[in-house]
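**Student:** Spelled out, the chains give:
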Amino acid sequence: MVIAAEAIPPYLRHARTGPRGAREAALRRLHRTGLPHPKMEDWRYTNLAAIAQKDWRRAPAERNPPSPPSLAGDDACARLVFVNGRHAAAASSNHFPRGLHVSPLDESQVAQDRPFESWHDLNTALFENGLWIRLDAGTVIEKPLEIVFCSTHPAQPSAHHARLLLELGEKARLNIVENHASEPGGAARLVTGITQTRLAAGARLCKAGMFRQETADQALLHESVAIAEAASCDYTLLNFGGGMLRQSLEMVHAGKAASSSLRAFNLADAAHIDLLTLVRHEARETRSGQDIRALARNRGRAVFQGRIHVARDAQKTKARQMHRGLLLSAGAEIDARPGLEIYADDVQCSHGSTCGDLDEEALFYMQSRGIRRDAAEALLVSAFAADLLEEAQDLPLRARLCALLAERLCA
Amino acid sequence: MTPLLDITNLHVRYQGKDILKGLSLTLNAGEVHAIMGPNGSGKSTLSLTLAGREGYAVTQGGARYRGKNLLDMEPEERAAEGVFLGFQHPVDIPGVSTMNFLKTSVNAVRRARGEAEHDAVGFLKLVREKAAALGVGEDMLKRSLNRDFSGGEKKRCEILQMALLEPRLCLLDETDSGLDIDALKTVAGGINALRAPHRGMLLITHYQRLLGHVRPDKIHVLARGRIVETGGPELAEELEASGYARFLKAA
Ligand SMILES: Nc1ncnc2c1ncn2[C@@H]1O[C@H](COP(=O)(O)OP(=O)(O)OP(=O)(O)O)[C@@H](O)[C@H]1O
Ligand SMILES: [Mg+2]
Chain A
9 MVIAAEAIPP YLRHARTGPR GAREAALRRL HRTGLPHPKM EDWRYTNLAA IAQKDWRRAP
69 AERNPPSPPS LAGDDACARL VFVNGRHAAA ASSNHFPRGL HVSPLDESQV AQDRPFESWH
129 DLNTALFENG LWIRLDAGTV IEKPLEIVFC STHPAQPSAH HARLLLELGE KARLNIVENH
189 ASEPGGAARL VTGITQTRLA AGARLCKAGM FRQETADQAL LHESVAIAEA ASCDYTLLNF
249 GGGMLRQSLE MVHAGKAASS SLRAFNLADA AHIDLLTLVR HEARETRSGQ DIRALARNRG
309 RAVFQGRIHV ARDAQKTKAR QMHRGLLLSA GAEIDARPGL EIYADDVQCS HGSTCGDLDE
369 EALFYMQSRG IRRDAAEALL VSAFAADLLE EAQDLPLRAR LCALLAERLC A
Chain B
32 MTPLLDITNL HVRYQGKDIL KGLSLTLNAG EVHAIMGPNG SGKSTLSLTL AGREGYAVTQ
92 GGARYRGKNL LDMEPEERAA EGVFLGFQHP VDIPGVSTMN FLKTSVNAVR RARGEAEHDA
152 VGFLKLVREK AAALGVGEDM LKRSLNRDFS GGEKKRCEIL QMALLEPRLC LLDETDSGLD
212 IDALKTVAGG INALRAPHRG MLLITHYQRL LGHVRPDKIH VLARGRIVET GGPELAEELE
272 ASGYARFLKA A
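So the sequence lines, in the order shown, correspond to chains A and B.
Take the first sequence: its letter number 208 is residue 216 in this note's numbering, and every next letter is one higher.
Take the second sequence: its letter number 223 is residue 254 in this note's numbering, and every next letter is one higher.
Isolated chain A, as found in the complex (with noise of 0.2 Å):
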């Protein structure tokens, strides 16, 4: 394909595509829709301007990627290492635990017809080196899969696209941790990724996503998960901001008792996080759970936006959801928009948001016991996000994830 240069827009300068194929079609399609704005219904709070503006290298390859923090060490049944978006096979395990398959994904492989937002297919068009999980079914894998990607301090201001497919069998069982982080410094970067998930029927996903970005770092990531019947994903958030970070995720229940529930942490500390989930529920009997906090400071941004959709078919469905915001500081915000879309009778859907300062009589309560002011506020600031993860019982690395993350409100 040959696109007249000036009329292509800046992001997309280092585009290269083969001459046919997904990658094209997603190129095309992008250079005719651009990417998202902010009239756009999804987009009130995040605007892509100057993403669209900059010219924007293609990340270097690394010759000798930095060894990334693990989270997992030794308690890892493997280790996938990407870094700047490409997965680097010489930082990554190249044994596996039996029944589970890991191998380059093919354009072919990532195929839409439409995206679910227009920026997936610059991801589409541009990914390099994105792999292929999957996990055979009946496989029961109890120690997690640790995914890490990392991006290296860049010279000038450079772009990286990472894509993952992840399968998991019949009755299948994988716990994951993903990592996400960035070397200090340097020009800015911009980070897409994209996971497509299906889970077959009976299947079981549990999965940790920890995303520590710096501040010159603006991510779109998005995960889709398809749950079939009684299948089930249990996902928990962590993001601990960075400049900013617009993150998707839609959860398709699309067999009868189908369920998932999510907890995320979005802790907006001078930075600009938008979490959009969207939960679709296409059969009966399915069931969706969503505990959201966002805690806000220091000029720090934090969007919520939460659509459940039942379609007429999913009968019996129970879908909850709760927002709770935590604002710190008078020059930081938190937004939340829930959005119910119900076409059966029969269900059971609640939606919540609460936003507020510390609790004062929870303060003198403590305070009353010879607690500090300062010590009691830092409590309560760590319990806020402690509580969340009270109940992910089946959380991989859970103590490790509540000790980083107790460590980040304390910075």
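Everything labelled a hint here was simulated from the structure, so no lab data went into it.
Small disclaimer: the values here were computed from a predicted structure and weren't measured.
Glycine included, C-beta positions come from ideal geometry on N, C-alpha and C.
Treat the hints loosely; a few may be bogus.
Stated by the list, open to error - Partial chain A-side listing against chain B, Cβ under 8 Å, derived:
id: 1; residue: Trp140
id: 2; residue: Arg142
id: 3; residue: Ala145
id: 4; residue: Gly146
id: 5; residue: Glu369
id: 6; residue: Ala370
id: 7; residue: Tyr373
id: 8; residue: Gln375
id: 9; residue: Ser376
id: 10; residue: Arg380
id: 11; residue: Arg381
id: 12; residue: Ala386
id: 13; residue: Phe392
id: 14; residue: Glu398
id: 15; residue: Ala400
Said to hold, decoys possible - Okay, the calculated beta carbon distance ranges per label pair:
id: 16; chain 1: A; residue 1: Glu369; chain 2: B; residue 2: Thr90; range: 16 to 26 Å
id: 17; chain 1: A; residue 1: Arg381; chain 2: B; residue 2: Thr90; range: 16 to 26 Å
id: 18; chain 1: B; residue 1: Arg97; chain 2: A; residue 2: Glu191; range: 53 to 63 Å
id: 19; chain 1: A; residue 1: Arg381; chain 2: B; residue 2: Arg240; range: 48 to 58 Å
id: 20; chain 1: B; residue 1: Asp211; chain 2: A; residue 2: Asp144; range: 34 to 44 Å
id: 21; chain 1: A; residue 1: Glu368; chain 2: B; residue 2: Asp49; range: 14 to 24 Å
id: 22; chain 1: B; residue 1: Glu268; chain 2: A; residue 2: Ala386; range: 21 to 31 Å
id: 23; chain 1: B; residue 1: Ala224; chain 2: A; residue 2: Glu368; range: 25 to 35 Å
id: 24; chain 1: B; residue 1: Met32; chain 2: A; residue 2: Glu368; range: 48 to 58 Å
id: 25; chain 1: A; residue 1: Asp402; chain 2: B; residue 2: Lys48; range: 50 to 60 Å
For chain A, the structure is supplied; the task is to place chain B with the ligands on it using the hints.
**Tutor:** Same frame as chain A, now just chain B with the ligands:
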């Protein structure tokens, strides 16, 4: 002898409303006094003011604790100095386990008093021992503080905290309400165990029943923002029989 607590002509305004209007009361170390009075008469206002809750403006009078101006101190200083308030409505703190809270609180107070912090093992043992005596179960220690505790469980937990903090002045605001008959005995046992010559207690209660278990030296009636009558334990029986009508009518 300096009284443990000396309240003179205390006036307190809350949310623009004068609630306490000249309350005076003296409590000596070793004594237990009860305060009774109709709903809304200002009993909790008094206890919260003494503990240092923000928003309770003292417009006149004052309160001295062991000779020092109590009202000048931060709430945490009061706790360190030995003032303890058992709340009428204990607050729940999701995300902080009871055990963790107890440890944080007790060690904070010990540090402030210049005492060594408890080591983890020794503290665990101490808490288990005191908790067992008060019927506070192991699972309550693991759960978030006061979260989904029943009314009675919360009150037991207040007394557990009191036992661990070893205060000198115990202000117990309706610690007996919400307790079943057996729990009342257990909690009263916990209170009696802490009676000591160097310690004083103010029991706010609506019921004679608690006072049957914890015999007070004096009973005060709080009405219309001040102490309108003081008597011996027999006053509780009289109130039980005839109510507060005669105090409310008197000008
Ligand atoms: N948040 C508030 N706003 C306005 N008035 C209040 C508030 N809280 C308490 N009051 C008023 O202050 C007065 C004293 O209340 P307080 O709680 O001290 O009474 P009490 O003697 O402890 O009553 P009870 O026996 O019911 O516990 C009451 O008239 C009450 O209505
Ligand atoms: Mg009261």
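**Student:** Does each hint fit the structure? Answer for all of them.
**Tutor:** Now the hints, each set against the structure:
1. This hint is violated: A:Trp140 has a C-beta 39 Å from the nearest C-beta of chain B, more than the 8 Å allowed.
2. Nearest Cβ of chain B to the Cβ of A:Arg142: about 38 Å, over the 8 Å cut. The hint is violated.
3. A least Cβ separation of about 38 Å between A:Ala145 and chain B goes past the 8 Å threshold, and the interface hint is therefore violated.
4. About 36 Å separates the beta-carbon of A:Gly146 from the nearest beta-carbon of chain B, more than 8 Å, and the hint is not met.
5. Annotation: interface hint on A:Glu369 holds; nearest CB of chain B at approximately 5 Å, less than 8 Å.
6. Given hint, A:Ala370 at the interface with chain B, holds; its Cβ is 5 Å from that chain's nearest Cβ, closer than 8 Å.
7. Annotation: interface hint on A:Tyr373 holds; nearest CB of chain B at approximately 4 Å, less than 8 Å.
8. With a least beta-carbon distance of about 4 Å to chain B, the hint placing A:Gln375 at the interface is held under the 8 Å criterion.
9. Checking A:Ser376 against chain B by beta carbon gives a least distance of about 5 Å; that is within 8 Å, so the hint holds.
10. Annotation: A:Arg380 was flagged as interfacial toward chain B, and the flag holds, the nearest CB pair being 5 Å apart, inside 8 Å.
11. The restraint placing A:Arg381 at the interface with chain B holds, with a minimum CB-CB distance near 7 Å, inside the 8 Å limit.
12. With a least beta-carbon distance of about 10 Å to chain B, the hint placing A:Ala386 at the interface is violated under the 8 Å criterion.
13. Nearest Cβ of chain B to the Cβ of A:Phe392: about 6 Å, under the 8 Å cut. The hint holds.
14. With a least beta-carbon distance of about 7 Å to chain B, the hint placing A:Glu398 at the interface is held under the 8 Å criterion.
15. With a cut of 8 Å, the hint placing A:Ala400 at the interface with chain B is violated, because the nearest CB-to-CB distance is about 13 Å.
16. As the Cβ distance of A:Glu369 to B:Thr90 is approximately 23 Å, the hint placing it in 16 to 26 Å holds.
17. Distance hint check for A:Arg381 and B:Thr90: the Cβ-Cβ separation is about 24 Å, which falls inside the suggested range of 16 to 26 Å.
18. In this structure, B:Arg97 and A:Glu191 meet the distance hint of 53 to 63 Å, their C-beta atoms being roughly 58 Å apart.
19. For the pair A:Arg381 and B:Arg240, the supplied restraint of 48 to 58 Å is violated, since their beta-carbon distance comes to about 38 Å.
20. Between B:Asp211 and A:Asp144 the Cβ separation comes to about 57 Å, which falls outside the hinted range of 34 to 44 Å.
21. At roughly 22 Å, the beta-carbon separation of A:Glu368 and B:Asp49 lies within the given 14 to 24 Å, and the hint holds.
22. The hinted window of 21 to 31 Å between B:Glu268 and A:Ala386 is violated, with their beta carbons roughly 49 Å apart.
23. Between B:Ala224 and A:Glu368 the beta carbons are some 33 Å apart, a value that agrees with the proposed interval 25 to 35 Å.
24. In this structure the hint that B:Met32 and A:Glu368 lie 48 to 58 Å apart at CB is violated, the actual value being about 38 Å.
25. Between A:Asp402 and B:Lys48 the beta carbon distance is about 51 Å. The supplied range of 50 to 60 Å therefore holds.
Comparing the model with each numbered hint stated earlier shows that hints 1, 2, 3, 4, 12, 15, 19, 20, 22, 24 do not hold.
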